[in-house]
Structures are given as structure tokens and as C-alpha cells.
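Work from the hints to combine the two standalone chains into their complex.
Protein chains in written order, with my numbering: chain A, 706 to 1004; chain Z, 119 to 381.
Possibly wrong hints are sitting among the right ones.
Stated by the list, open to error - With the C-beta cut set under 8 Å, the calculated list includes, among others, these residues of chain A facing chain Z:
#: 1; residue: G758
#: 2; residue: R761
#: 3; residue: A764
#: 4; residue: R772
#: 5; residue: T775
#: 6; residue: S791
#: 7; residue: R797
#: 8; residue: F806
#: 9; residue: T919
#: 10; residue: A942
#: 11; residue: T943
Hints listed in this document are in silico derivations from the structure and should not be mistaken for laboratory results. Owing to the predicted nature of the structure, the values given are computational and were not obtained by experimental measurement. C-beta: ideal position from N, C-alpha, C; glycine also.
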Amino acid sequence: MTVPPLVIDGLTKQFGAVKAVDDLAFTVRPGAVTGFLGPNGAGKTTTLRMLLGLTRPTAGRALVGDRPYTSYERPGTVVGAALEASSFHPGRTGLGHLEVFAPQVGVSKQRCRQVLEAVGLDHAAKQRVGKYSLGMRQRLGLATALLADPPVIVLDEPTNGLDPEGIVWIRRLLRQFAAEGRTVLVSSHLLREVEASVDDVVVIAQGRLRHASTLAELRTRATPAAYVETPRPDALATLAADRGWTVQPDGDGTLVDGANAAEVGAAAHAAGLELHELVRRDVDLEALFFELTRPEEAR
Amino acid sequence: MRAALVAEYRKLLTTRLWWLLLIVMVGYLVFIAAVVSTTFVFVPDGQEPPLAGEAAARSVYSVVNGVGYVFPLIIGSLAMTTEFRHKTITQSLLVEPDRTRFLVAKVLSVVPVGLVAGLVGVLATVAGGAPLLQIKGDGAMLGRSDVLVGLLFSVVAIALWAVIGVAVGSVLSNQVAAIVVILAFTQFVEPLARVVLSQVDALAGVAAYLPGGAADSLIGASFLGATGDVDLLPRWAAVLVLLAYVVVLGVIGRLTTLRRDIG
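Here chain Z stands alone, though its shape is the one from the complex (with noise of 0.2 Å):
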């Protein structure tokens, strides 16, 4: 298993897409953690901002999850769908016939490069959001306990991205599908599923067990949570709702991708 790991890991090292990624997350997080702190700090005159204090930097450094969580998730599934796209599956497969352990090693592989790319884009996201809310707003509140807990939690989030993006690579191992699906899914069918989900009473719990709404739990807060409530669940919780994600996804990637013929 160790050598597995070496070798998958020495597998991300030696390509650049990844930290190619990384450097437009970074870019994108300071944009937009930038972006949504003006919200909070400019507000027309005899209006209330939508959040003040510490939920309003709390939400703002909530969107390395919220926002951020497309990057690790592609970074993730590369790492599984540029095997099949450049064949290297078959070379990877002869030195380790033993599907399982392949695709266990790929998915822990990720992990360093998750927690890399989860604190530059925790840093990316405070360099963002911290400068307007400390001189026009309540201040940027980086001494409170809560909003540092929920910064180290967004970095084992975006970790957790990673690792999930592996699985779903899994699934679908063409590249632009895993690509296409991810965009999709993260973009588009997450947020509107959310929102409709929040407006349904009965329904409104549900929000959380998807994996975004899990991962917002995860951090404590969410970025969709400064317009509509949302529930969130326990930390704990949260944790194993994205594992069974992994999970689920990986166990069907082994029954399916990695069950047929390679060739």
C-alpha cells in the first residue's frame, strides 16, 4: 500500500494542471471573497446590512467552500480521468493488478494537495474579504474563536473536495464528462437544489445532507445562508455525510470503470 501511495502521489507532483488550478482559485477567491464583503460593508443608507458582526465575516470567508469548492473537486477528478485519457491506466494497472488498492491509493493521494490547495484558498479568501470588513465594516474578526475554527475547518473541506472529486473521476472517467458533471452539478443543480429544498418545509432538512449543504455544516457556515436560512448539521455529521459521498461514489467507480477490460 505504501508504495501505492508514493506512486500516486509522485503521479500529481509530476504534472502542473493541478497548481495551474490552484493559482486561478486563488485569484478567483480574492475576487469574490472581495465581492460579497462590499455587500456587507456598503449598504444604502437606512438599510440594514443583510449580516453585521461576525456573521457577516463568517459568510464572507465561507465562500473558499461555498464558492472555492469546484477547484478541488476538478483538481480531484484529473487525478483519476488523466489515466484514461492518456492510457496510463494500463502502465499503473501492471505494477498494481490489485484494483482496489489502486483506487484507495488514489483517493488518500489527494489528500496533501487538498490541504494545500484548502489553505492557500483559506489565505486567498482572507486576503479577499478581511481588508474592507476591518476598515469600513465590523472588522474582519480574525481574533474570534469561531471564525478561525471555521477557517481550519475549510481547509479540511476543501480537502475533503479533493478526495471526493477523486471518486466521482471514478465514475466517469472521460474527462470533459467528469469535468462537464462537476461544473453542472456545483454551479447549477446544487444551488437551485438548495434553495428549492430551504423553501419546502418538509423538505428543508434534506439540503444538508447534500454535499454542499454537508460541507457548509462542515465550516459552520454558508455562503447561501446570507439570503435564506439553511439548516446545517452537526460537525461530526457533516464529516461522514461527504465520507459516505466518497464512499458511495468509489465503490461504484470500482464496480464499474475499474471492473472492465483496460485496453
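Just chain A, with the same shape it has in the complex (with noise of 0.2 Å):
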């Protein structure tokens, strides 16, 4: 299984007077999970439309290894993809609904059962998609993009309805495609939920390209820091400077990169430090990608 790359190079989408994808340029590798990452309406839905075929670019272009989607022959053998979890007729069961599908992927009525339990959906195999709770429809989306058991997986929101047991469900699933060496892409609008199972992290915002690293490049960046109030800066300077921690001076008091509020009044303690006050600043995962996010012209 040869498995292709995705490439996203100058994507543009233009609404009337909106750019909901503008300039966006990344790349997803074979063989990780990546996070597509952003808050609601950053564009993340309409560049993985184009990318499928769905949306026509106003520039730029998506690639699938090196061809657009729309140029395979059956391209729902390379790319699985479960983009909203409404998109299902209500009177079809679930098993019908991939039989419906199934031809055009290639795959027979067997493997439709054989998915459907895959994802633990073989209970209701016979049950309309109308009566499917928001976590089963999200189970049969994924169900459809793995028809074809394809070498790229790309899955929109995945998390959304789901219960703690399916999220843990679906991570370990992520966790397995890398392994297997699949492309996978997985969209959400919170960090939290995809750290635990993502390789590269790629953060759009109003619908321009503001990071894309490996995320412990991203970890790298989030840095334990507390912020001290002490009659004696100077000794916390001399204190600080011991540690290789850095200090600066921050309104009223000052402010300590490298350690946590509780290594930094350890210190203290030891070295008989007064200090007035002691509070956490650590700039973490979530924090950065806030700032990350943050709409432009608050920057």
C-alpha cells in the first residue's frame, strides 16, 4: 500500500466578500495522525471540502499524493472521509446505507456488516439512521469512510456527540491508522480533544494558516512560569539566576520563566525568602492555542 501525502499549497476560498480559506498552505504525512485545529468557522470544513471535490478552490489547490481527489478513478478507495455526521437519510438503516455506497467503493454487502461491527454498530445494523443517537451516527460515518479500508482517513469533528467511552474509542482507533501507516487528518475546534491522539498539529484562524509543527514542538513552547511580588527582587534575581530560570520585571512584581509557582516558592522557602505573593503563570497547551487563535486584530 503505497499511501499518499495530503498537500494543501495556496488554497483559497472566497464567499462574496469573505476569505474563509485564505493562502492556506500545509502538508498531512503518512504514517501520524495530524490535527486540523481551529475554532468554529476558521475554515477548516470548506478547506477539507475542496479538498474532496466538494467545493471548487478560488485558488490554489488540494492535492491527494499528487492529483486532486476528483481525479481518481474511485477515489473512496484512497480517501475515507466522514464529514458531518446529518448527512444520512433517515429511513435507511445503517447497514443499507453502506450497501448503498458499498458499489462504488468496491466492497461487497459482507464487508458493510463487517465494518458496521468494527464500530460497534452491528446492533443496529437493521435500525433506521432516523432513531440513531448523535454518537451512532458519528460510529456509521466512520463506518462509511472505512468501507474501502483506504490508506487516508480524513474525519471532520469525529468527537462531536460522542461519550467519553467512544473518545476513547476513536483515539485508540487514530492511534492504530498511524500505526498502520495510514494519512490521517482529523479536524476539531478544541486542542484538548485530539492531543491525546495526535502526531502534527496544523492551527488555522479565520481561515490563514497560524502554526503547523509536530506537537511536541508546540509542547516545547508551553513553559511553566509564576509571578512573585517579594520586598527583595534582587535575591529572587540572584535565586533565580542559580536555577537558570529567568526573570523579568512585571508590573508590581516580578516574573519567573522556567518553573512553576510551587518550585519557585520552594526556593524561596530554602532561602528564607520573603515572599507577598506567588501565583501561576504557566503558559499551557490550551493557553497557546488560545493565543494561537486569537482573532487577528486582537494580536
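Right, dumping it as C-alpha cells:
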């Protein structure tokens, strides 16, 4: 199985006066799970729809490997996508839904049953989708994406509506896909939702790329920090320098970078340094993500 | 193309609405055919029946097309508009990004259902109209070859209506809009247009080119023929006219609804 990467290159989509996606460029590599992150309305779904040939880009291109999705004879066998949990005919059964799309990805009815079982819906195979819960629809969407056992998997907000058990299940599944060497792109408006399962992160806001790196690299940007007020800032500076922390004046006090509040407190206590205030100022992943996706004019 | 056809066919078979419509169609046609047959059978003393003999029978049996065609039209339009109503169009185009192939497969996939609707409709019409003609009138005429050929072509006409319905749905992708337009056109606009056109000598021939007129030409009898003279086209021309509606509407649908961004 040769696994193609996804290549987004100068992709732009203009709706009237609004640029929903603005000169976006990033690559999604095989053998890893990439989190496609951004607040609601950032342009994630529009980007995915352009990648999958549903929406025509105003400029730029989106490729699966070296060519557009729509140029594959049977693209459903290359990319399995689940875009929204509402696009089912409510009168069809779960199994019926899969059987409808089976011919065009070249799989048998038997495979439909097998996939339904794999996503934990075998008990509801003959039930009409109109009676499915949101979580069950998410699972059915995933089953549709996995019908042809494709090398590339694209999921739009797959954890929406899933119970905690389902979220853990999907995490494990995503890790398994990456371990099998597949290219996996998962969108979410919350970094926390996918933090445990992604290797790479692509962060967009207002249609523009804000950050693209491995999650590990993003993590290094997250630093522990503490805000300290003391009558002897000079002593604090010496103490910090001894330990390799950096200090900078911050209003009435001092901001210590490289240590959390507990470490600063312990060190001050050991040195007999009097502290009047000690506050956590850690920049964690979530705060970093929030900072990355802030509206441009507010930055 | 084969895969797309099988997929479209399965889409129809995995939904229920079309056979609910067939049941309504059967009940409606039995009733209408029976009512129409009474107008030829129960004539006040001293008056001539509007039509008699074989002409009466053919007129009664023509209601399968003249009245029944709204059902296959709606069944066909639903096949397309359902995709937009329930957003299954997204998944459909994911597995078949060639939108022309998608449309052609959709159009062809309703042919079997259309033929079933035609067969069921013809049987319902005969069941409703034949008894009175046989018992009280000049006979059900079911042994006459012209009548049988007319019934056979009625099956074809109904199937063609289903096909036209898909094309209509591709232009009017909003399900409610499509149904409203179909009802307004078939129940009001076209019958009125045909009556008005038939009163104007210079335009009388035009009526046969309207979809309902062409379909009447195909079965060789008109329900409206009972009240006024109607010009009919030869059968081959009628088929071409109906197919032309499919092609023209389909091309419009392809260039509008199916050209747009989905989602």
C-alpha cells in the first residue's frame, strides 16, 4: 500500500467579500495523525470540502498525493472521509446506508456488515438511521469512511456527540491507523479533544495558517511560569539565576519563566526569601492554542 | 458507470416513500378510471355517449397517463431532491465526483421503478375501468390489439415520467419546491394550456409538444380527447419529445444545481 500525503497549496476560498480560506498551505504526512485545529468558523470544513472536490477553490490546489481527489477513478478507495454526522437518509437502515455506497468503493455487502461490527453498530444494523443517536451517527460516518479500508482517512470533528467511552475508542483507532502507516487528518475546534491522539498539529484561524508543527514542538513552547511579589527582587533574581530561570519585571512584581509556582515557592522558602504573592502563570498547551487562534486584530 | 447505477438503484430500494406513492397511485387510478367509465356507460335517455365502443375504452384507460403521471414524476423528483434534503449528496459525490455520471446514473436508475409503476398503474386503471364497460357498456375491449398496444405504451410513458421527474429534481433541488411546481404544472398549468391552445387554430399543434401532450401521443389516446379534439404526434416523435425534456432539464440541472459547491 503506497500511502499518499495530503498537500494543501495556496488554497483560497472566497465567499462574496469573505475569505473563508486564505492562502492556506500545509502538508499531512503518512504514518501520523494530524490534528486540523481552529475555532468554529475558522475554515476547517471548507478546506476539507475543497480537498474532497465538493467545493471549488477560488485559488490554489489541494492534492491527494500528486493529484486532485476528483481525478481518481474511485477516490473513495483512496480517501475515506466522514464530514458531518447529519448526512444520512433517516429512512435507511445503518446497513442499508453502507450497502448504498459499497458498489462505488468496490466492496461487498459482507464487508458492510464487517465494518458495521468494527465500529460497534452491529446491534443497530437493521435500525433506521433516523432513530440513531448523534454518537451512533458518528460511528456510522466512520464506518462509511472505512468501507474500502483506505490509506488516507479524513474525519471532521469525529468526537462531537461521542460519549467518553467513544472518545477513548476513537483515540485508540486513530493511533492504530497511524501505526498502520496511513495518512490521518482529524479536525477539531478543541486541542484538548485530540491532544492525546495527534502527532502533528495544523492550527488555522480566520482562514489562515497560524501554526504547523509536531505536537512535541508546540509543547516546547508551553512553559511553566510564576508571578512573584517580594520586597527583595534582587535576591529573587540571584536565586533564579542560580537555577537557570529567567526573570523579568512585571508590574509591581516579577515574572519567573522556567519554573512553576511550587518550585519558585520551595526555592524561596529554602533561601529564607520573603514572598508577598505567588501566582501560577504557566503557558499550557490550551493557553497557547487560545493565543494562536485569537482574532488577528486582537493580537 | 455500472457501480454508479447499482448504487443509485440501491438508494431507491432502501427508501420507502416511492412504494407508498405507488399504493396511493393504485387507489387513485382505480377510483378515477371507474368514475370516467360511468360517464360513458350511464348516459341520460335520448343522448349519445361522448364516446363509444373502442374509443370509450381507450379514453378510460388513458387516465393512467393523463391523471396518473403526477405519481412517477414525483417519485423521480424525490430520487434527486432527497439527496439535497438529507445532505446525502455529500457522500454521493465523495464516491462519485464525476457529477455528470452521477446524474446519468440517477436518471437511468429510476427506469425499473418507473416500469413497475407503469405496470401497476395500468393494472389499476383497467381494474377500475373495465368492469363497468364490460357489464353495462360496449365492452372492455381488452382483446383489441389497438387497446393492448395503448396499454403497453402506457407502461413506457409512466417510466418516462419517472425519468423526467429526476431531471426536474436536478433543476429544482429543493424538495418542497419541486413537488409544488410538479403539482401546479400537471394539475393546472398544462391542462389549461392544452385547452387554450386547442382553441387557437394556429397554435393547436403546439399542445402536442407539451409533456402531457407528448405522453398522450405515445399512448395514442387522450383523456382530454373526451371533451375536445386533440392533435397527437406519431409515437416515435412523442418519445423523442419526452426524451428531449429529459435532456434539456438534465443539462440545466447539471449546469446549475450540480455545478455549485456542495455544503
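Of all the hints given earlier, name the ones this structure violates by number, lowest first. When the structure is compared with the hints, numbers 3, 4, 9, 10, 11 turn out to be violated.
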